[in-house]
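> Take a look at the letters that make up each chain.
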Amino acid sequence: MYVAVKGGEQAIANAHRWLADRRRGDRERDALSVAQLAEQMNLAVDRVMAEASLYDPELAALALKQASGDLVEAVFLLRAYRTTLPRLAETVALDTGAMRLERRVSATYKDVPGGQVLGPTYDYTHRLLDFLQLADGEVPEPARAEQALEACPPILEQLDAEGLIERETDDGAEPYDITRDPPDFPVDRATRLQMLARGDEGYLLALGYSTQRGYGRNHPFAGEIRIGTLEVEIAVEECEAPVCIGEIALSECQMINQFAGSRDRAPQFTRGYGLAFGRNERKTMAMALVDRALRAEELGEPVQGPAQQPEFVLAHADSVEASGFVSHLKLPHYVDFQSELELLRRLRSAHGQPDGAEDSRETVDDGGKKKEPAVEQDTNESEQVSP
Amino acid sequence: MNGYNFAYLDEQTKRMIRRGLLKAVAIPGYQVPFGGREMPMPYGWGTGGMQLTASILGEDDVLKVIDQGADDTTNAVSIRAFFERVAGVETTTATAEADVIQTRHRIPETPLSADQILVFQVPIPEPLRFIEPSEEETRVMHALEEYGVMHVKLYEDIARHGHIATTYAYPVKVDGRYVTDPSPIPKFDNPKLHMSEALMLFGAGREKRLYAIPPHTRVESLDFEDHPFEIQAWDEPCALCGARDSFLDEVITDDVGGRMFVCSDTDYCQRRQEEVA
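Chains as they are written, first to last, in full-length UniProt numbering: chain A, 1 to 387; chain B, 1 to 277.
A few of these clues could be false.
Claimed, not checked - Below, computed lysine to any residue pairings styled on SDA-like, alpha-carbon distance capped at 20 angstroms:
#, chain 1, residue 1, chain 2, residue 2
1, B, Lys14, A, Asp177
2, B, Lys192, A, Asp336
3, B, Lys14, A, Leu88
4, B, Lys14, B, Lys153
5, B, Lys23, B, Pro33
6, B, Lys153, A, Asp177
No wet-lab data here; the hints were simulated from the structure.
Using the sequences and the accompanying hints, generate a full structural model.
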């Protein structure tokens, strides 16, 4: 006799215990400390902070630990915590020109005031596995300059006396807050940038890449990339000057893109902008490409690629939303499926005799199709030989 | 629970959502944008419904949570446990004893009463979405009551299959004005929306939209004169309680094609079995 399945509660509790055990792993080994993660997995921590829209390296490292290193899960944990926090104050707008720089490169100007600074980058490392790290080899101290780099204003403002590059000006408008109000398409650029800033890095990277390969091409140059730390200030009623409440690390990318001009505007270089918490250079470059691509309509360019369609790009950028909705397919859908079963049976019974004939033809088709994968396999093999 | 407000959301957020709900009740079937918050459960798993439930729940309310009509499916268990934890409210599986019922994909078989509220979890609130993917466009279509495309879609079904091939999330027109997605309930449940005694609230967390069907509101399932709306029917009754008036799930009992049909509404089924016993 059939009895409906019960015991979901016990199953969930047991699943959580098993998960905790799996996360901890072999008890003979030391447990990872949150401080270790924050220090030694700092780029993962930075990505989690950027996509969760919460600057707190310790909590981001905790999220990373709790998620067993699953970045999307860690972003979700931190985001769900963020949403419970009260909003105590709003900071003064950050001036990235005042950044204490640790990295600053420009691909458009060879020599820039303040100089090009590589900083701690993976760029010119040879991607050879460093087996010394398997044996916990000693790491030498870095070379240190006599004094810290001085703050430099943005390169693009400094070096463009001719006005060939468009200037961004503050129109003083109160920015829309995507964490408090639902986005209302079409959204303005400031709102778009907020959405991109918390967008999934892999997604933005793929979209940015697509513009380089012709789906909405716009000839980008990396005008300036800067990474460093910046003081965050708030205005307090009793004090005349803003009060510093701490320091955060930021990455910023200013992309310069060709613009052929339109009836209303002379040809000019235009800009795409990327900004993220922490050291997130790849993210900010991708973000800048996508920001510029999304300006297609504003600049009167033809909209040809997915990266140029604001609703498409922005509605699908958030990894918390995307992973939630994809993963919900795991939930039971017995009822909808039952409804479809019933319909399918009805449609098939109405389909009648020619149905069988079509079925046999399908089998023939399948046989014919089988040849195609065989051809693909051949090419794969020849590719494998070449290296 | 320590460190969190009653029912998880802070009072300002609840107030914002309740304002949205008032607007939704005033304009039946209209999708009201609201500042949806992240919940500690994934989007797509009922965060919209949970935000509405959190906003309307009082300390004395009794809560019931169902998924696919059942109280004991894992996600229903999880959501019920969440509210027990963050709100400390009493919960029940008995439809008649609940003040607030949060549901996914079903309307209970037991008729609801005027002092009950049914909260639906909604994945895609926009009934026109799969015809027109752009939100900008669909908003204009709603404003202009431009619903012809929906009838064209249903007509194409008839032309291709001989009848309408939408079996769940079957579009309805609410109070003669807005075409609305009843959430992915089977069309079997659509008639229960019409002139309901209970207030019905719909929350879509990821899409940040909420809407309502107030009590005693006309709700018509879209159809044609020569192809009237019909609900699913089964040849056999529920194998456990013998009900002929409830939505039945198909249960596979062996690996040689054996199957039986049982009520998807577990509370309804159990109550009927008790009555017989």
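> Indicate, hint by hint, whether the structure satisfies it.
Hints versus structure:
1. With a CA separation close to 18 angstroms, the supplied pair Lys14 of chain B and Asp177 of chain A stays within the 20 angstroms bound.
2. Between the alpha carbons of Lys192 of chain B and Asp336 of chain A the distance comes to roughly 17 angstroms, so the proposed pair stays at or under 20 angstroms and holds.
3. Taking the CA atoms of Lys14 of chain B and Leu88 of chain A, the gap is about 19 angstroms. The hint holds against a cut of 20 angstroms.
4. For the proposed pair Lys14 of chain B and Lys153 of chain B, the alpha carbon gap of about 38 angstroms is over 20 angstroms, so the pair is violated.
5. Taken as a hint, the Lys23 of chain B and Pro33 of chain B pair is honoured in the structure, with Cα atoms around 10 angstroms apart against an allowance of 20 angstroms.
6. Of the supplied pair hints, the one linking Lys153 of chain B and Asp177 of chain A is violated, its CA atoms being roughly 37 angstroms apart against a limit of 20 angstroms.
When each numbered hint is compared with the structure, violations occur for hints 4 and 6.
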